[in-house]
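As you go down the protein sequences, you meet chains A and B in turn. Heads up: the first sequence begins at 1 in our numbering, then just goes up one per residue. Heads up: the second sequence begins at 1 in our numbering, then just goes up one per residue.
Hints are all accurate, no fakes.
Below, a sample of chain A positions facing chain B; criterion: calculated Cβ distance under 10 angstroms:
| hint | residue |
| --- | --- |
| 1 | P51 |
| 2 | F79 |
| 3 | T83 |
| 4 | T118 |
| 5 | M122 |
Beta-carbon label-pair distances, calculated as ranges:
| hint | chain 1 | residue 1 | chain 2 | residue 2 | range |
| --- | --- | --- | --- | --- | --- |
| 6 | B | C38 | A | E49 | 47 to 53 angstroms |
| 7 | B | R182 | A | I99 | 52 to 58 angstroms |
| 8 | A | G34 | B | S418 | 54 to 60 angstroms |
| 9 | B | C38 | A | N54 | 56 to 62 angstroms |
| 10 | B | D278 | A | P100 | 49 to 55 angstroms |
It is worth saying that the hints were derived from the structure and are not from the lab. Treat the numbers as computed from the prediction; the structure is a model and nothing was measured. We treat Cβ as the ideally placed atom computed from N, Cα and C, and that holds for glycine.
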Amino acid sequence: MDNTTDMAEQHVILGLFDPKTSLSPVLDQLRSQGIPDALMEVLSPLPLETPLLNKPGGIPLHRITIMGGVVGIGVGIFFAAGTAWLYPLVTGGKPIVSIPVVGIISYETMMLVAIVVTFLAMAVKIGFKQQSGIRQDPRIDEGAVGLSIQVGDDTAKAESVSRLLQEAGASEVEIRTIADHV
Amino acid sequence: MTNKPTGWEEIPQINRDLLAPLQTTTWRYFLWVGILGCFVAAGLGAWTYQIQTGIGQTNLHHPIFWGSYIGSFVYWIGVSHSGTFISGVLRLTNAEWRRPVTRMAELMTMVALIVTALFIFYHLGRVWLFYYLIPYPNQRGIWPNFRSPLMWDATAILTYATASTIYIYLPLIPDFALARNRIQGWRKTVYRWLAMGWHGSQAQWYTLETAIRIITPLIVMVMISVHSIVGFDFGMALVPGWHSTIFAPYFVVGAVHSGLGMVVIGLYVLRKVYHLHDYVRTEHFEKIGQLMVVTTLLLAWLYFSEQLTVWYGKIPEHIAVQDSLLYGSYAVPFWFMVNCIYVLPLITLVWPRFRRWPLGLMIIGLFINIGMYMERMLIIVPPLGHPRLSFQWVDYFPSFIELTILTGTLALALLLYSLAIKFVPVISIWEEKFGRTHGQHH
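The shape of chain A in the complex, shown without the other chains (with noise of 0.2 angstroms):
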């Protein structure tokens, strides 16, 4: 109950704009007042063009992809080579192990690994390490974009980023808490 409390405090301020409106010129200001990007955020029904806020992304999916890749040849060469070898089915005139079969396995394998690999990182890049305090807006699905700042619980500090979001142009202006987004 004592987290739940403390939750409450904490402070999300979201601005809601029109798309014409370029968002630069706000991020800049909220920065020279000491707001990091990790804190902030921009939200969209479809993808934007130029990023707009410079977070660190962890490990690039592309890597993990790699990684899956070369795990999937191992696990292609383990069936088609070592299973061979563990259970030999003799057929006159073939080899236990046949490096063609090996290829075509490991090369399904390798896809199937890289692919799940890239799918479960990027489900945890989305899903699990998304920023607490957001969620999806209703009028950000009808076209708006919005832009989500954390302030903690300075109740100051979220009043003037309130204003600066008004100033900018943001058609409407929300302090929520935490605890509304639970």
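Please arrange chain B on chain A, whose structure you already have, making use of the hints.
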């Protein structure tokens, strides 16, 4: 910056139009589902009877052990390539017109893959022992032989089914989030899970787009490998009529040909039923028509090369199979197939005016699919029916039980698709919005 960026004002309308099929259902839909349910029940009954009484209920007897089930398996795995091809290849080539078409095609892939898997089980004599196929340490001392092309096939299809599911799911995440915010009831809970906490942040969009960009070329490579391996099932066998190097490319092109035909049918029906004329327009049919001309010519070239080689070689065992097709017991279905998949599409689709006629294109898609189904059967049955010793030559036609199972499965495919479009937006909403806001109104 004085005007609103183009296309953004259309977003509320796009949301309403494309979520409407999920929110409204008429009595006609329930009637359609009910009719399909009856056919599915009949098919299920026939399969139960086959399981109880044995595989002898089919007409699969020596020397024809592969018949309607494996033929259908090959056909449906081909149809499953529709989504991957339309979505994957067109995404790779930045073909902007793909946007309203991809989701419908991807749903077909999903449904076709489920149906494909069923045919493997129909084909098994003792289906309850299916786990013998799975490689895991066991007390039986039996281990799947990876040197067999059938094990390559099982591995490839497992890869394709898993990868396709992921590939189809990725672009659905933002649409699931939209549905989560708009639709109430039990579906809201499901959408909430499927949306994985999506709220449209810049980081989420970046991650999703990166994942799609990485997986797209991989899924295209998997698609090509899967149908090549299905072709190897035949090409590796020392059976006259099968033992050929052309099977892998021929199967891949044939799969795309039938897949495109199926997509056109789906596009036509969904556009009509859900009034999607603003999204699925004549130019989409025209573009698919152009692709169908290419696949028709490619397929005809490969088929002619194969048949010419057999004809010129005059190897008795091989020519016996060809004779049975050209003027033997399979001549009627053979020439019907030739007309359906080569002649009819060519004489119609080369005309731009015809390609801009959605109904005409849908009819051609129907003929292509009937023809491709017969073509798959004609690849399998005549070579098996003409083994090297001619006293064993036999003809084959599916039994009543087989036909009932085939009909029930076709109904199941239609039923699954009909149910899916009540749960999944038939057009990728965010991709459609993206296309319009970026001036790509295709």
